[in-house]
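There are 2 protein chains.
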Amino acid sequence: MQVVVAKRLLQANDQIAEMNRKRFDAAWVAAINLLGSPGAGKTSLIEALVPELAAKMRLAVVEGDLATTRDADRVAQLGLPTVQINTSGACHLDAGMVASALDSLTLDGLDLLIIENVGNLVCPSSYRLGEHFRTVVLSVPEGDDKVAKYPTMFQRVDSLVINKLDLLPHVRFDLERVRADVKVVAPTVASFALSAATGEGIAEYTAWLEQRCEQIREGKG
Amino acid sequence: MQVVVAKRLLQANDQIAEMNRKRFDAAWVAAINLLGSPGAGKTSLIEALVPELAAKMRLAVVEGDLATTRDADRVAQLGLPTVQINTSGACHLDAGMVASALDSLTLDGLDLLIIENVGNLVCPSSYRLGEHFRTVVLSVPEGDDKVAKYPTMFQRVDSLVINKLDLLPHVRFDLERVRADVKVVAPTVASFALSAATGEGIAEYTAWLEQRCEQIREGKG
Chain R
0 MQVVVAKRLL QANDQIAEMN RKRFDAAWVA AINLLGSPGA GKTSLIEALV
50 PELAAKMRLA VVEGDLATTR DADRVAQLGL PTVQINTSGA CHLDAGMVAS
100 ALDSLTLDGL DLLIIENVGN LVCPSSYRLG EHFRTVVLSV PEGDDKVAKY
150 PTMFQRVDSL VINKLDLLPH VRFDLERVRA DVKVVAPTVA SFALSAATGE
200 GIAEYTAWLE QRCEQIREGK G
Chain U
0 MQVVVAKRLL QANDQIAEMN RKRFDAAWVA AINLLGSPGA GKTSLIEALV
50 PELAAKMRLA VVEGDLATTR DADRVAQLGL PTVQINTSGA CHLDAGMVAS
100 ALDSLTLDGL DLLIIENVGN LVCPSSYRLG EHFRTVVLSV PEGDDKVAKY
150 PTMFQRVDSL VINKLDLLPH VRFDLERVRA DVKVVAPTVA SFALSAATGE
200 GIAEYTAWLE QRCEQIREGK G
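As given, the protein sequences belong to chains R and U, one line each in that order. Under numbering that gives the first Met the number 0, the first residue of the first sequence is numbered 0, with each subsequent residue one higher. Under numbering that gives the first Met the number 0, the first residue of the second sequence is numbered 0, with each subsequent residue one higher.
Errors might be hidden in some of the hints.
Pairs count within a copy or across copies, as identical chains cannot be separated in the list.
[Said to hold, decoys possible] Restricting the straight-line Cα-Cα distance to at most 25 Å, the calculated cross-link-like pairs of lysine to any residue (SDA-like) are:
hint : residue 1 : residue 2
1    : Lys148    : Arg127
2    : Lys148    : Thr187
3    : Lys148    : Leu106
4    : Lys55     : Glu203
5    : Lys148    : Ala89
It should be emphasised that the hints constitute simulated quantities derived from the structure, not laboratory data.
Let the sequences and hints guide you as you build the complete structure.
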C-alpha cells in the first residue's frame, strides 16, 4: 500500500517534470538543477558564476528553501530575475513547485535557468524537476567520505563540483580519495574542484556549463 | 489520501518509538539522537566525547548511514559496542530500524546509547526513535544562516553544538548571529560551541550531557 502511493506520487512528479521540460525547450532555455548539502556553497557558486556567465548568456534563478528568502535575496542582488520557492518544510523541490515558479518567470529570451534545490544530500536526487542536467556541490569541510556514504546522489548527477578548495590546508580532505570513489560509484560524472570564495577553478566549470548549454540548444535545433 | 497515509506511517513510527523508549527505561539507559548535515562532524563529536565520558559511564553507539560502514568502523575502533544500520538509501532513521538494531545490542549495564542519524538537516527531525533527548550538530563552514533557513530541525532538539570552531578564522561565520537566531527560533535550546578536532569547548558539552543522563536516570528512579 505504501509503495503504491509512493509510486503514484513519483509518477505524478515525472509527468509535471515532463511538462516543465517542454516549457524550457519551447523557450530554448537550458535548465540546471543544483544540488548539495546545507552549506556546501550552492548560492556562493551562483554568485561566482554570474560575473563569468552574465556577459555571454541571459540567466535566471529559482531558489528553493524551507524558510526565509535569504538565498533569493543574495541572488537578486546580482541583478538576475529570481523566484523564491518556499517549500514549507519539505526537504526537496518537486516538479509542481517548479511549475508554479515558472508562472512567475519570463522564459523567453533566457539562455540558462539555474534551479537551486533545498540543502540536502539525499532526497532531492529522487525528484526530477524537468531540468536538462544536474550538478552536485560537495564542500571540502564536509569530508572526503561523502561520495561513498551518499552514493545515490552522485549517481544521479552529470557533474560534481568540489567547493571550498581554499579550506584544504585547514582540514583533512584527500582529493584523490574523492576522485577514486567517483570513478567507482559514478564513473561518467565530470568532476571539478574550485573555490567559489577565491574564484580558483571557476573557469573550468564555467566552460563545461557553457558547453552543456550549447549541446542542449543544438539538440533542440 | 496522501496525508492520511503519511499520518499512519508517523503513527506507526511513534508506536515503535514508544516501545524503544520502554526498552531503554527498563535497562536504565539514556538515549540520545545525534542529528546534523552530512559532514557536520557527528562522528567526530562522538570520537571527541568518548575519552571524556568512557571513564564515567558505559557507552554504546548505533550508526545510521545510507551506505558503507565507515562511521561504524571509526566508532568501533574506540572500543565501544557499535551497531550499524544501513538505511538502503532512506534519508533518516526510523524507530523500526532502531528497534532492529537494539536486538543486536545488550542494553543492560549501559548508561548512554548514542544514536547517530543519517546526515540530513531536514527529514530526521520528524522521526522519533524513542530517544530521551536530541542534539543537532551545526558546523562553522556550513554558514551562520542555517538556523533561520532550517528552523524545524532546531525547534525539535534539546541542544545545539556549533562544531569546527577551529575553522572560524578561515570562513565568514558570525557566532552571535547564530545565537540571536536560536533565541528567536528555538529559545529553549541549549547552545554549545566547540571543536571536536582540537577539543576546545568539549568539556562544557560533556557536562551538559552528563547532567541530562543524570536527570533521565533520576526520573526513572
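Evaluation of the provided hints:
no.	hint	result
1	Lys148 x Arg127	both (22 Å within a copy, 23 Å between copies)
2	Lys148 x Thr187	within (18 Å within a copy, 33 Å between copies)
3	Lys148 x Leu106	neither (37 Å within a copy, 28 Å between copies)
4	Lys55 x Glu203	within (15 Å within a copy, 53 Å between copies)
5	Lys148 x Ala89	both (23 Å within a copy, 12 Å between copies)
Hint 3 from the earlier list is the only one contradicted by this structure; the remaining hints agree with it.
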